[in-house]
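Could you build all of it, start to finish, from the sequences and the hints given here?
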Amino acid sequence: MNDYENKYIKVLDGIRALSIMTIVWFHFWQQSWIYHHIGKISLDYIPRYGYLLVDMMILLSSFCLFIPYARSKFNQDDIPKTKEFYQKRLIRILPSYLLSMVISIIFLIISHKNVSVSFFIKDTLTHLFFIHNFFPDIISSTNYIGVLWTIALEMQFYLIYPFIAKKFLKHPIITYTIMISISIVSTIIINLTINNYNQSLLVNNPLIFFSVYANGMMGCYLYFKYIKIQKRNFIKDIFFTIISITCIFIYKYLCSSIGKDIQIWQINYRFILSIIFIIFIISTILSIKYY
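Here the sequence shown stands for residues -15 to 275, numbered as in this note's numbering.
Be a bit skeptical, because a hint or two may be false.
[Unchecked claim] Restraint-style ranges between C-beta atoms, simulated for each label pair:
(1) Ile105 - Lys220: 39 to 49 Å
(2) Gly130 - Ile172: 38 to 48 Å
(3) Pro120 - Ile219: 18 to 28 Å
(4) Leu112 - Ile219: 45 to 55 Å
(5) Lys212 - Asp(-3): 39 to 49 Å
[As the list claims (entries may be wrong)] Heads up, simulated DMTMM-like pairs for lysine to aspartate or glutamate below, C-alpha to C-alpha not over 20 Å straight-line:
(6) Lys(-9) - Glu68
(7) Lys209 - Asp28
(8) Lys244 - Asp28
(9) Lys106 - Asp121
(10) Lys(-9) - Asp62
(11) Lys150 - Asp62
(12) Lys236 - Asp28
(13) Lys(-9) - Asp61
(14) Lys150 - Asp61
(15) Lys151 - Asp221
(16) Lys72 - Asp(-3)
(17) Lys72 - Asp61
(18) Lys154 - Asp62
(19) Lys273 - Asp221
(20) Lys151 - Asp61
(21) Lys209 - Glu68
(22) Lys154 - Asp221
(23) Lys151 - Asp62
(24) Lys212 - Asp62
(25) Lys150 - Asp28
(26) Lys97 - Asp61
(27) Lys57 - Glu68
(28) Lys209 - Asp221
(29) Lys72 - Asp62
(30) Lys212 - Glu68
(31) Lys273 - Asp(-3)
(32) Lys(-6) - Asp221
Bear in mind the hints are in silico, worked out from the structure with no lab data behind them. For each residue, glycine too, the CB sits at the ideal point set by N, CA and C.
Put into structure tokens, the structure is as follows:
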């Protein structure tokens, strides 16, 4: 027996919390443009590129969703039932999501903002059906919280996630390759046509995110496969800690390569970034205690 975590992985909560704080920091930085540093050490890249950690959150979602499937493969647990999967997702998402929409409507009424009825209906219906991320006018002018595009993206993947996860268990390499191929082909097509469409519509296209979800699933699969056959020791803990720290420096280097065309960079580097993120997640889980 080893002492690796195989059910509730506490480290993931820490990574999620840091990601959320960094994303919030980014939004504050957008309003203040304050330069952050400790002495001569610049921390400016952390809030400036905090929006990139939205991909980390989506990757974490894929990793965590796949845990019960990985446990069924390596721990002989029952495979999650599709109906229960959908029920849990709806219970977790809908209450806060609908509440945010209600609050937005209240503020809209209080502010006496002049909004066309047809646009408001379109805006509301597309949000209720989680398809608002497909409409450029909604993305740019929504009356609801702009970041809800991530919920739409997640809900769209939830529809197919149980089916992909089961295929992944049986044929991990084939399923992973197909998902990555969808993402890469979509990236190429978007690069060829990006001047003809709204960039905000394309940068967070669900098809590009197939690579992020694929890396989350593969990372979870490999983690559970590893801990089934490996025992923990100090040398391994140090090794994985070094890998985790290295990922942070690679992330900083990637941030420094971002030019003026931020959205194009995101489209082209999303797959690479998700690779760095999943290596960071796994190595941090396997690193020394209290790291």
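* Asked: Lying within 39 to 49 Å: is that true of the beta-carbon distance Ile105 to Lys220?
  -> 57 Å, violated
* Asked: Is the straight-line distance between the alpha-carbon of Lys150 and that of Asp61 20 Å or less?
  -> 14 Å, holds
* Hey, Lys209 versus Glu68, does the alpha-carbon distance stay inside 20 Å? -> Given that 20 Å is the threshold and the Cα spacing comes to 25 Å, the pair is violated.
* Asked: Does the alpha-carbon distance linking Lys(-6) and Asp221 stay inside the 20 Å limit?
  -> The hint holds at about 16 Å.
* Given the proposed pairing of Lys209 with Asp28, does the C-alpha separation stay at or below 20 Å? -> Not OK: Lys209 and Asp28 at ~38 Å, beyond 20 Å, violated.
* Taking 20 Å as the top limit, are the C-alpha atoms of Lys273 and Asp221 close enough? -> 8 Å, holds
* Compare the distance between the alpha carbons of Lys209 and Asp221 with 20 Å, and conclude whether the hinted pair is satisfied. => Given pair Lys209, Asp221 holds - Cα atoms ~17 Å apart, limit 20 Å.
* To do: Kindly confirm whether 39 to 49 Å is satisfied by the beta carbon distance between Lys212 and Asp(-3).
  => At roughly 23 Å between Cβ atoms, Asp(-3) and Lys212 fall outside 39 to 49 Å, so the hint is violated.
* **Pairwise hint evaluation, Asp62 against Lys72, where the allowed Cα distance is 20 Å at most** => The given pair, whose Cα atoms are some 16 Å apart, holds under the 20 Å limit.
* Please work out if Lys97 and Asp61 have their alpha carbons no farther apart than 20 Å. => Between Lys97 and Asp61 the Cα gap is close to 53 Å, so the pair fails against 20 Å, i.e. violated.
* Asked: Is the Cα-Cα distance between Lys150 and Asp62 20 Å or less?
  -> This hinted pair holds, its Cα atoms lying about 12 Å apart.
* To do: Below or equal to 20 Å on CA atoms is what counts here, so check Lys(-9) against Glu68.
  => 18 Å, holds
Violated hints for the displayed structure, listed by number in ascending order: 1, 2, 3, 5, 7, 15, 21, 22, 25, 26 and 30.
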